[in-house]
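*Asks:* Mind docking chain Y on chain B? Use the hints.
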Amino acid sequence: MNKLLFIEPNYFTYSTNLKLLRVELTTTYTKIDFGYQPFDGQKEVKKIKIRKEAYLSLLDEKKKFKLVRTSNMPIAPKQHIFKTAMDWLFFSLYFEPVPVKYCDLNLIENEVIAESDFNFISIELNKKKQLEIK
Amino acid sequence: MSLNKEAYIRYKIIDGCIRNLQKPYPSMNDLIATCENKLGKTFTVSTIQKDIKTMKEDEELGFMAPIKFSKSNTGYYYSNPDFSISQIPLQENEIEALKTASDMLQVISGSRVGQSFDSALKKIMVSLREKTDKNRDGLPIVSLEKAPQQSGLEHFEFLINVIKTKTAISFVHFHFLLCEFSTDIMHPYQLFEFNNNWYLIGFSENRKGIRVCGLDKIFDPIELKVPFNNSKFQEVKKYNEDMYGVKPIEGQKKQKISFVTAPDTANYLKAQPLHRSQKATWHQSQGCVAFTINVIPTYDLIRYFFMNSNRIKVFNNEFVIEKIKELVYDILSDYKN
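In order, the protein sequence lines correspond to chains B and Y. Heads up: the first sequence begins at 1 in my numbering, then just goes up one per residue. Heads up: the second sequence begins at 1 in my numbering, then just goes up one per residue.
Some hints could be false.
Here are the simulated lysine-lysine pairs, DSSO-like style, with alpha carbons at most 30 angstroms apart [what the hints assert, rightly or not]: (1) Lys83/B x Lys38/Y; (2) Lys41/Y x Lys134/B; (3) Lys254/Y x Lys323/Y; (4) Lys78/B x Lys50/Y.
Simulated from the structure, these hints should not be mistaken for lab results.
Excised from the complex, chain B in its bound form (with noise of 0.2 angstroms):
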């Protein structure tokens, strides 16, 4: 099995717009896809932004994998403003392959956690939702 995709698995995080939507497990790269969704009542038209820093981990391990690059997602200093507080955006985090193995990741962008940085916490990739890829 090289690739694997794990649909809507359960994480925790403090964003309000950010929806983890899906976690692609390759040999040559672990590739998360997200949503970027206005919620109930939003008057604030935000802007967004990653920072190359943001790296994968696995729980209890030290090893950092790195984002490598984006898909529709800009890398700070660069940033997407959304031009209403109803706009949305799809985009994909593309980062060093984690080992296609059933684990909980962390996604973290900054140590320090805010509701407006990528911090993802236990994204559990669990064997029974997960779907191999043709």
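*Replies:* Below, chain Y without anything else, positioned relative to chain B:
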């Protein structure tokens, strides 16, 4: 995959990136990343640079793409924003070949092939004439309706392929009304067009039944290795034959809907029936005509009646009448406030 075929796919990917309104001015890195992502292998800057040069300059290929680099936006763009490599006019020799082939097809279309093929052939011929026959002022003799290109059409070829190979897909979906992302696994059965928009219909694992999705709401479809679910395939016929529009109103069955039209509208509907089941049931001496159709009610049908409510009046179907009234009340309450 042969090199030529792969290069052609790269041209299409580059074209798609440059035309992507959601992320204009793609950089070289964006182009490389998208090609790598879609084709699952790595590409160098020089490969993509050569591709761009070929798209711009190769006369044999014939794209002559007006690709420019914007220094202020640090990315590529088309100097003609309407350009796309999928809208390249046919070359002389290709037109001749197609004309010869279509002549041969016309000979047999009347007797040996069905009506749908005949209709497809007519479309090709009209399209060909539109591209080739121009009068002295440079205006085409015939002009087809050109809707602005729907987003999501970049997946069209991929979706045709997964339908052919009966391959399930995972995709991300954005619900325009709820402003919400979700995912689904779809076993795709068919692509269909309604009012210049394309839709995918198939078995949805989330809904455990048929689902219809506009291609503009589908993101990043991925092929899966799971057994294909063909169990609802026969239901697609219902969508093709028993409806006007895209999605049936839940719980509704095929039913008779009667409506009376003003004389001018009657003429339009006689020339272009609303549905294949349409029948004229009554003719008034001043020209008003009553029609019936036998369909499953859809929101598209309700909207059609609502938008034409000064020319068309539905009768004999309380459900449809109530749905039209709901739209009228919604609008009235909006204007009261």
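*Asks:* A separate judgement is required for each hint: does it hold in the structure or not?
*Replies:* Consistency of the hints with the structure:
{"no.": "1", "hint": "Lys83/B x Lys38/Y", "result": "29 angstroms, holds"}
{"no.": "2", "hint": "Lys41/Y x Lys134/B", "result": "15 angstroms, holds"}
{"no.": "3", "hint": "Lys254/Y x Lys323/Y", "result": "16 angstroms, holds"}
{"no.": "4", "hint": "Lys78/B x Lys50/Y", "result": "28 angstroms, holds"}
When each numbered hint is compared with the structure, no violation occurs for any of them.
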